[in-house]
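Student: Starting from the known structure of chain C, arrange chains A and F on it as the hints suggest.
Chains C, A and F are the protein sequences, given in the same order.
Going by our numbering, the first sequence opens with residue 1, and the numbers climb by one from there.
Going by our numbering, the second sequence opens with residue 1, and the numbers climb by one from there.
Going by our numbering, the third sequence opens with residue 1, and the numbers climb by one from there.
These are computed hints drawn from the structure, not numbers from a lab.
Everything numeric in this text was worked out from a predicted model, so none of it was measured.
We treat Cβ as the ideally placed atom computed from N, Cα and C, and that holds for glycine.
Take every hint as true, because none was put in to throw you off.
In silico SDA-like links for lysine to any residue, alpha-carbon gap of 25 angstroms or less:
(1) F:Lys-128 with F:Ser-98
(2) C:Lys-259 with A:Ser-26
(3) C:Lys-96 with F:Ser-40
(4) C:Lys-257 with A:Val-250
(5) A:Lys-339 with A:Phe-110
(6) C:Lys-152 with A:Ser-99
(7) A:Lys-327 with C:Arg-4
(8) F:Lys-43 with C:Asp-123
(9) C:Lys-237 with F:Ile-29
(10) A:Lys-303 with A:Leu-162
(11) C:Lys-259 with A:Glu-31
(12) F:Lys-158 with F:Phe-71
(13) A:Lys-339 with A:Phe-293
(14) C:Lys-96 with F:Arg-66
(15) C:Lys-259 with A:Trp-41
(16) C:Lys-152 with A:Pro-358
(17) C:Lys-257 with A:His-27
(18) F:Lys-68 with F:Glu-56
(19) C:Lys-241 with F:Gly-26
(20) F:Lys-77 with F:Glu-126
Not everything, but these chain F residues come out facing chain C in the computed CB check (under 8 angstroms):
(21) Phe-14
(22) Ala-16
(23) Thr-17
(24) Ser-44
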Amino acid sequence: MKERMLIRLNNLLVKVFFIVFVITISGSANSEEKKIEFIKNNWSFEGIFGTFNRASLQRGYQVYQEVCSGCHSIQHLSYRNLAEKGGPEFTLDKVKSIAAQFEILDGPNDDGEMFTRPRRLSDKFANPYPNVQAATAANGGAYPPDMSVLVKARKGEWNYIYSLLLGYEEVSAGYELDDGVYYNKYMPGNKIMMSQPLFEGAVEYADGTQATETQMAKDVTTFLTWAAEPHLEARHKMGFKVFIFLIILLTLVYFSKQKVWSRLDSKENSDQKDETFDKVERAVTEYEGEDPKTFK
Amino acid sequence: MSEEKYVPKSKLARWFDSRLPLLSLSHHLTEYPTPKNLNYWWTFGGILTFFLIAQIVTGIILAMHYVANTDLAFDSIEHIMRNVNYGWLIRYAHANGSSMFFLAVYIHIFRGLYYGSHKPPREMIWITGLIIYLLMMSTAFMGYTLPWGQMSFWAATVVSNLFGAIPLVGENITAWLWGGYSLGNPTLNRFYSLHYFFPFLIFALVVLHIWALHVPGNNNPMGIDVKKNRNETMSFHPYMVMKDLLAMLVFILIFLGFVFYAPNFLGHPDNYIPANPLVTPAHIVPEWYLLPFYAILRAIPSKLGGVIFMFASIFILVLLPWLDTSKVRSAVFRPLYKKFFWVLVVMVILLAYLGAKPPEGIYVILARIATAYYFIHFLIILPLLGRYEKTSPLPTSISDPVLDKPNIVDKFKKTAGKYEGENVDTFK
Amino acid sequence: MSKKIHSKRRSFLFTATYTIGAVGLGATIWPLVDQMNPDSSVKSLSTTEVNVGNIEPGKTLTVLWRGKPIFIRRRTKKEIDEAAKVDLKDLIDPEKDSDRTKNPEWLVMIGVCTHLGCVPLGGKGEYKAWFCPCHGSHYDTSGRIRKGPAPKNLEIPKYEFVDNNTIKIG
Chain C
1 MKERMLIRLN NLLVKVFFIV FVITISGSAN SEEKKIEFIK NNWSFEGIFG
51 TFNRASLQRG YQVYQEVCSG CHSIQHLSYR NLAEKGGPEF TLDKVKSIAA
101 QFEILDGPND DGEMFTRPRR LSDKFANPYP NVQAATAANG GAYPPDMSVL
151 VKARKGEWNY IYSLLLGYEE VSAGYELDDG VYYNKYMPGN KIMMSQPLFE
201 GAVEYADGTQ ATETQMAKDV TTFLTWAAEP HLEARHKMGF KVFIFLIILL
251 TLVYFSKQKV WSRLDSKENS DQKDETFDKV ERAVTEYEGE DPKTFK
Chain A
1 MSEEKYVPKS KLARWFDSRL PLLSLSHHLT EYPTPKNLNY WWTFGGILTF
51 FLIAQIVTGI ILAMHYVANT DLAFDSIEHI MRNVNYGWLI RYAHANGSSM
101 FFLAVYIHIF RGLYYGSHKP PREMIWITGL IIYLLMMSTA FMGYTLPWGQ
151 MSFWAATVVS NLFGAIPLVG ENITAWLWGG YSLGNPTLNR FYSLHYFFPF
201 LIFALVVLHI WALHVPGNNN PMGIDVKKNR NETMSFHPYM VMKDLLAMLV
251 FILIFLGFVF YAPNFLGHPD NYIPANPLVT PAHIVPEWYL LPFYAILRAI
301 PSKLGGVIFM FASIFILVLL PWLDTSKVRS AVFRPLYKKF FWVLVVMVIL
351 LAYLGAKPPE GIYVILARIA TAYYFIHFLI ILPLLGRYEK TSPLPTSISD
401 PVLDKPNIVD KFKKTAGKYE GENVDTFK
Chain F
1 MSKKIHSKRR SFLFTATYTI GAVGLGATIW PLVDQMNPDS SVKSLSTTEV
51 NVGNIEPGKT LTVLWRGKPI FIRRRTKKEI DEAAKVDLKD LIDPEKDSDR
101 TKNPEWLVMI GVCTHLGCVP LGGKGEYKAW FCPCHGSHYD TSGRIRKGPA
151 PKNLEIPKYE FVDNNTIKIG
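So that you can see chain C by itself, here it is in the shape it has in the complex (with noise of 0.2 angstroms):
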């Protein structure tokens, strides 16, 4: 009696169930968040073979150095990590001169004195500012943030990066824009306080490519994702030569454990199968009962 209780009580909550399964799927449907698309593109690092286009990464860096470097720190490249392998591999010559333009506080010398030098291949990237707090000063009150991780940083990854270079609008009369906020798209929130950073030939790239904002961005984004996964190529190759490993190592562990199992059909095995086998035949065919339909 008490079971049928519960068997109904079991039915009840599977229809509940899927009452709340259609309400909680159409829920996050309409829910406040929209699904904003970003703006599509093929990116050569995406996918399990994906590797960085160098010269995309190197025109990258131009409109890092150019555009973004400005208000926005690296802090976490070193001027080395341009010319290792799996980047923009520019030559050690040229990052030294790149490195050369700019000055590092050093110190102090054997006079007791702070000095400033040129960088090095072992120094990090320079920052725009000494700390986060000129930064945010200098900037209207939002802090430019540090972009050595920042494609990591952010939902949507490199697509989001992308979109959002990509993603200033006129607003319609009457959205209401204090100054110093600009409209974007893909900003969560659409109000950022960082100005369209990119305009066709904002750039003029060393390789002759046509500097569209498009192409900039593509560019930019490249970098900085290589910026926050610089062994993104290494990471690849490593996987793909783990996972045929494994599947090979696999295989074996596989045919192994069976035939290590096979063992159970053993000699041994199949002679105890058999003696039940004849006990039973033995209990069945010496019955000297009355009824041998039931055996009873």
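Tutor: For chains A and F alone, coordinates are given in the frame of chain C:
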């Protein structure tokens, strides 16, 4: 554990083993009789052991390069990712390994719930397991604070603020935890120390967990007691060793899939932003494996209530062997319990989903329903089922119907009864 | 006890599995070991360029390289002659002065005593060159060990003149 005493072959081995019985222990472990009918859900213990060791090894290595200071922590991890040889690999392995550890532990726990592995005489295995689970959650929580990202800082702030809900002593406890008036350097340092320490506690408890297991022996999918003979058991080595190895490799394949191709998928982008005590992220969420408890915490309208219910949801599991009163262990023979079990699984997954959603509107209502159901399942449904469920008839042994005599005779009788042929002596 | 029946066919499979497994284990262990090797930020500091244009004859500049002191001495004619005149038979660690310098005016050495690692003091000792106060080793104007427990001459690092005023060490 009825085994003949192991006598090593060589004199040196006998001298050693009689003083420190490591060889006897090794013999016990290799010969340990394991039920023949275990399915692949039983391989997760081995998988968990692998991940415990992997986390300890990668963790100790990361500790060689990590700096536990609020000004340097984030930078030290970037140093590991960029400069340390294979640092990116070790870091991603440790972060994703933590997720895999919890995935395996949830499967392991639900396996226990389904097959009745928590029932007498295995209550201590269940309880040591729960202590391990609690330590795992503490370790993971503290570990997540160490990068000192936005999510590290704010998730830790939220959780440590919970202790403030305790009446009278709450504020003092929170300040004691923090070592200050808010989450700061003292907190980071002590979390680092404890995060390094707890896994060794876990290791010790795992030893106790396995020891407690070896007293009654493994449960099995039928849930019935197994005779420790050749018919019904097999030696752990090489059969279960090979099976566990195979299962481990498959799981490692999934693990490395994340490490090499989606290393940040299970994490949160906000943790790549250095911690800022002045800016709170839009949505504070813990790592996915803590989401069900987060959902329960926020479902209850009162702060203290939320804390109580959250801890109760784990404590109730300790009482499980006494709440689940059914004499039948395995859900294989409990058709009604089986259905309620799957309802529970869906409810827990629902809670996890809701834990990641903002606590508004329909999500709050659903979270309350799911929380209520969770407690109803353990406190009301299980005891009722134990009393009133009509369970299926249990087989007499795990080898039934293949080898067990009484039932096979019954089957033969049935077949023989239908025999219409001539030769009643031989049934040919 | 289960009998281990190893037929030739079976054991090939197991051997192959063990071998591949061992390779995998080795490949897994290597990164765990290599991570302790010098990382790329340390390796980038493995060379240092030093401006020596301001050093006058008879003066020594000490710079830090890979965490160790480097003595860069601009020797006087007297010191160079003294060093060249020494008979190799009198040396504990025989080495010609001309083998220890690229330009005899410039002596570039690692300022770490070859005995137990203390930093020798300049302008001291019986040879008025370097003297290690820890256990009393005396080095001459070529940095060679002359008296005391040190077994070898002060080590010459890899270096080159990038131009007349700059030495690159390492």
